[in-house]
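From first to last, the protein sequence lines stand for chains Z and E.
Residue 1 is where the first sequence starts when you use the working numbering, and the numbers rise one by one after that.
Residue 112 is where the second sequence starts when you use the working numbering, and the numbers rise one by one after that.
Keep in mind that a hint or two might mislead.
Below, in silico cross-link-like pairs of lysine to any residue (SDA-like), each with a Cα-Cα straight-line distance of 25 Å or less [as the list claims (entries may be wrong)]:
id	chain 1	residue 1	chain 2	residue 2
1	E	Lys153	E	Asn178
2	E	Lys153	Z	Asn53
3	Z	Lys44	E	Ser196
4	Z	Lys51	Z	Glu40
5	E	Lys153	Z	Ala88
Rather than coming from a laboratory, the hints here were simulated on the basis of the structure.
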Amino acid sequence: NAGVMQNPRHLVRRRGQEARLRCSPMKGHSHVYWYRQLPEEGLKFMVYLQKENIIDESGMPKERFSAEFPKEGPSILRIQQVVRGDSAAYFCASSPELKQFFGPGTRLTVL
Amino acid sequence: ILNVEQSPQSLHVQEGDSTNFTCSFPSSNFYALHWYRWETAKSPEALFVMTLNGDEKKKGRISATLNTKEGYSYLYIKGSQPEDSATYLCAFMDAAGNKLTFGGGTRVLVKP
């Protein structure tokens, strides 16, 4: 059973471009979470999704950020019109119930 | 805003010595306390999920205790080895039972 997969591992974007981060949960896991680690800060919750539903997006910035977890395919975290402050490591976790298993993260750098 | 604190922020341990560090969290609305081990450039690795007051969990030389009434958990490393060097994160899960609120981590460096 492969672990949580995230791609790309590193992503460089210029200000104003769009960033798409992908997360493939572990097989059989129907819950997906996105967390962000800003420079010099800890992991912070962004959004919790189940298949085709956003359950809790209380940690998502109000603008430019969106997330989806379609019936087929990976979960996508989308950041539109990126700014330098979006530079961070973005981690995805999946769970069957309680324990959350983390992916290796995507490091986003905005030039 | 939930406050999850870990102390110390970092510690150096001599190989073979035992050590422990703490995580404090809100004592109300508690559902679970998670511990993770995180090595640089790797995924955080789940160590324990603890739900009951008085819970004790063990995995090899690493163990953890939980006190939900006073809102703290200890992680112990017995006979530290260089491969134990990592950042140890605790995370609080409230009664809604979904998102994790992480502490800042304790960075452990084991010196040979």
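Structure versus earlier hints, numbers of those that do not hold, lowest first: 1, 2, 4
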